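Novice: Taking the hints into account, I'd like the entire structure generated from these sequences.
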Amino acid sequence: MDPVNDAALDREIERALAVNPSPEFVARVRTRIAEEPSPASRGFGWLFAGVATVAAAAALVLAVRMASSTRPPATAPLLTSRSIGSAVVVPAVVPATQSLVSGVSRTAATRTPEPLFDARETMALQRLIASVRDARVDLSPLLNDPMPAPMTLQPIDDLVIAPLVIEPLTQSGTEGERP
Amino acid sequence: MHGLTDRLAGGIVAVNDAALEREFEARLVESSTLAFRVAYGVLRHRQDAEDVAQEAFVKAYRSFSQLRDRERFRAWLVRMTWRLAIDRQRGDRRRAARERSPEGLRHLSAEPPVAQGFSPAALEEMKARERAAHLWAAIDSLPDKLRIVIVLAGIEEHDTTEVARLLDVPQGTVKSRLFLARQRLKEQLQWTQ
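Chains as they are written, first to last, in our numbering: chain A, 1 to 179; chain B, 1001 to 1193.
The reader is advised that the hints may include incorrect statements.
[What the hints assert, rightly or not] Restricting the straight-line Cα-Cα distance to at most 25 Å, the calculated cross-link-like pairs of lysine to any residue (SDA-like) are:
1) 1127(B) <-> 1145(B)
2) 1145(B) <-> 8(A)
3) 1186(B) <-> 26(A)
4) 1186(B) <-> 10(A)
5) 1145(B) <-> 1121(B)
6) 1186(B) <-> 1160(B)
7) 1127(B) <-> 18(A)
8) 1145(B) <-> 26(A)
9) 1186(B) <-> 7(A)
10) 1127(B) <-> 1183(B)
11) 1059(B) <-> 26(A)
12) 1145(B) <-> 1157(B)
13) 1127(B) <-> 14(A)
14) 1127(B) <-> 7(A)
15) 1127(B) <-> 27(A)
16) 1059(B) <-> 1072(B)
17) 1127(B) <-> 11(A)
18) 1145(B) <-> 19(A)
19) 1127(B) <-> 6(A)
20) 1175(B) <-> 27(A)
21) 1059(B) <-> 1029(B)
22) 1175(B) <-> 10(A)
23) 1145(B) <-> 1133(B)
24) 1145(B) <-> 1126(B)
25) 1059(B) <-> 1169(B)
26) 1145(B) <-> 1162(B)
27) 1127(B) <-> 1175(B)
28) 1059(B) <-> 32(A)
29) 1145(B) <-> 5(A)
30) 1175(B) <-> 6(A)
31) 1127(B) <-> 26(A)
32) 1145(B) <-> 1099(B)
33) 1175(B) <-> 1086(B)
34) 1175(B) <-> 26(A)
35) 1127(B) <-> 16(A)
36) 1059(B) <-> 8(A)
37) 1175(B) <-> 1071(B)
38) 1059(B) <-> 1033(B)
39) 1186(B) <-> 1134(B)
Treat the hints as calculated values from the structure; they're not laboratory data.
The structure displayed is predicted, hence computed values, not measured ones.
Specialist: Set out below in structure tokens:
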């Protein structure tokens, strides 16, 4: 072999690579490919999957927006009971120098404190309203009765006040001595 | 409305299927030898090369509808086959290193063992095999970029334009890599003389 010659080298490589596949090779590949799903439906599958994903995402966004914009249902209680003793809300006092430090503290500082109700009072009012609604308590007498008369006082004539008597001072002993 | 859409989509898929399969069949016929030779250039084993080429065609078929420029099919297939063949070769070498047995080494050799006859023809064949073994050992030792150029040049009868198209690199790059590859091969083959 003359390996220094480029042409000889190229010839050697060409000769080594001049090999053909067996006659059955293409048929074998065809058989193997026949077991695969068709490439077009595979492409459309991806397309349909993409469209379905986008549609699902859009529906989700729409649902979230609608849920956030709707009010709470009428069956939910408008007033929730809170105990004054246990849930006293004190608004955070944030100095002006700290208000720009973090968005979180700024949000807490600007939040207005919620009104507080005594739980017992709230419960009593709710019970009363419910009882009136269910006709267990009739408040009509309160509406129909006239205003009660003011309390009558005793006449002043019955009072006797004794006249005031002032006894004169008596001088006994020397001045400055106690009797 | 939905039924109409489904029928329309089904019709499009069916028409597209048939067209794609006809096109792929044409590509398979025209490129089967190329894919086989690329794999053989790495593995030097007929059966292994056919297996790898078949695997490359199956992969190509799966992604064929996503290939926008069908004119680049050959380049795509060559690169895919090359990668698969290199992976197979590395796997074989690891397996051979693990086994370290005469059977394993025999499996790696491209052709059956040389006949023990010493007629002139047999001697000539032995010499040819020895030359080829040295040559391929030298080619295998090249870096991947030079190795694929020298193999593709051998397959494409040293048409550097075609090799550049297959590798998607400028023709000048192919020429310089080919020059470097030849230099290294000549050095190594002289060393083994």
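Novice: State for each hint whether it applies.
Specialist: The hints, checked one at a time:
1. Taking the CA atoms of residue 1127(B) and residue 1145(B), the gap is about 29 Å. The hint is violated against a cut of 25 Å.
2. Distance restraint check for residue 1145(B) and residue 8(A): the Cα-Cα separation of roughly 22 Å lies within the 25 Å cut-off, and the hinted pair is therefore satisfied.
3. For the given pair, residue 1186(B) sits about 37 Å from residue 26(A) by alpha-carbon distance, which is inconsistent with the 25 Å threshold.
4. Between the alpha carbons of residue 1186(B) and residue 10(A) the distance comes to roughly 11 Å, so the proposed pair stays at or under 25 Å and holds.
5. Only pairs whose Cα atoms come within 25 Å are accepted, and residue 1145(B) paired with residue 1121(B) is rejected, the gap being roughly 37 Å.
6. Distance check on the hinted pair: residue 1186(B) and residue 1160(B) sit about 20 Å apart at the alpha-carbon level, within 25 Å; holds.
7. Using a Cα cut-off of 25 Å, the hinted pair residue 1127(B) and residue 18(A) holds, with the two alpha carbons roughly 19 Å apart.
8. Of the pairs offered as hints, the one joining residue 1145(B) and residue 26(A) is violated, with about 29 Å between alpha carbons and a cut-off of 25 Å exceeded.
9. For the suggested pair residue 1186(B) and residue 7(A), the alpha carbons sit about 11 Å apart, so the restraint of at most 25 Å is met.
10. Taking the CA atoms of residue 1127(B) and residue 1183(B), the gap is near 23 Å; set against the 25 Å cutoff, the hint holds.
11. With a C-alpha separation of about 15 Å, the suggested pairing of residue 1059(B) with residue 26(A) holds against the 25 Å cut-off.
12. Of the supplied pair hints, the one linking residue 1145(B) and residue 1157(B) holds, its CA atoms being roughly 18 Å apart against a limit of 25 Å.
13. Distance check on the hinted pair: residue 1127(B) and residue 14(A) sit about 17 Å apart at the alpha-carbon level, within 25 Å; holds.
14. Taking the CA atoms of residue 1127(B) and residue 7(A), the gap is about 19 Å. The hint holds against a cut of 25 Å.
15. Note on residue 1127(B) and residue 27(A): the hinted pairing is violated, with a Cα-Cα distance of about 36 Å set against a maximum of 25 Å.
16. This hinted pair checks out: residue 1059(B) and residue 1072(B) have alpha carbons roughly 15 Å apart, not beyond 25 Å.
17. Only pairs whose Cα atoms come within 25 Å are accepted, and residue 1127(B) paired with residue 11(A) is accepted, the gap being roughly 16 Å.
18. For the suggested pair residue 1145(B) and residue 19(A), the alpha carbons sit about 23 Å apart, so the restraint of at most 25 Å is met.
19. At most 25 Å may separate the alpha-carbon atoms for a hinted pair to count; residue 1127(B) and residue 6(A) meet this at roughly 20 Å.
20. For a cut-off of 25 Å, the pair hint linking residue 1175(B) to residue 27(A) is broken: about 36 Å separates their Cα positions.
21. Between residue 1059(B) and residue 1029(B) the CA atoms are separated by roughly 16 Å; this keeps the pair inside 25 Å, and the hint holds.
22. Annotation: proposed proximity of residue 1175(B) to residue 10(A) holds, straight-line Cα distance about 14 Å (limit 25 Å).
23. Simply put, residue 1145(B) and residue 1133(B) have alpha-carbon atoms about 21 Å apart, close enough for the 25 Å limit, and the pair holds.
24. For a cut-off of 25 Å, the pair hint linking residue 1145(B) to residue 1126(B) is broken: about 31 Å separates their Cα positions.
25. For the given pair, residue 1059(B) sits about 23 Å from residue 1169(B) by alpha-carbon distance, which is consistent with the 25 Å threshold.
26. For the proposed pair residue 1145(B) and residue 1162(B), the alpha carbon gap of about 16 Å is at most 25 Å, so the pair holds.
27. Between the alpha carbons of residue 1127(B) and residue 1175(B) the distance comes to roughly 31 Å, so the proposed pair goes past 25 Å and is violated.
28. Note on residue 1059(B) and residue 32(A): the hinted pairing holds, with a Cα-Cα distance of about 11 Å set against a maximum of 25 Å.
29. Taking the CA atoms of residue 1145(B) and residue 5(A), the gap is about 22 Å. The hint holds against a cut of 25 Å.
30. Distance check on the hinted pair: residue 1175(B) and residue 6(A) sit about 13 Å apart at the alpha-carbon level, within 25 Å; holds.
31. Restraint check for residue 1127(B) and residue 26(A): not satisfied, since their Cα atoms lie roughly 33 Å apart, outside the 25 Å limit.
32. The hinted pair formed by residue 1145(B) and residue 1099(B) fails the criterion: a straight-line CA distance of about 30 Å is larger than 25 Å.
33. Taking the CA atoms of residue 1175(B) and residue 1086(B), the gap is about 23 Å. The hint holds against a cut of 25 Å.
34. In summary, the hint linking residue 1175(B) to residue 26(A) is not supported, as the alpha carbons are separated by about 33 Å, beyond the 25 Å threshold.
35. At roughly 14 Å between alpha-carbon atoms, residue 1127(B) and residue 16(A) fall within 25 Å of each other, so this suggested pair holds.
36. Pair hint residue 1059(B) plus residue 8(A) does not hold up; C-alpha atoms about 37 Å apart against a cutoff of 25 Å.
37. Between the alpha carbons of residue 1175(B) and residue 1071(B) the distance comes to roughly 23 Å, so the proposed pair stays at or under 25 Å and holds.
38. Taken as a hint, the residue 1059(B) and residue 1033(B) pair is honoured in the structure, with Cα atoms around 17 Å apart against an allowance of 25 Å.
39. In summary, the hint linking residue 1186(B) to residue 1134(B) is supported, as the alpha carbons are separated by about 11 Å, within the 25 Å threshold.
Checked against the numbered hints above, the structure violates hints 1, 3, 5, 8, 15, 20, 24, 27, 31, 32, 34 and 36; every other hint is satisfied.
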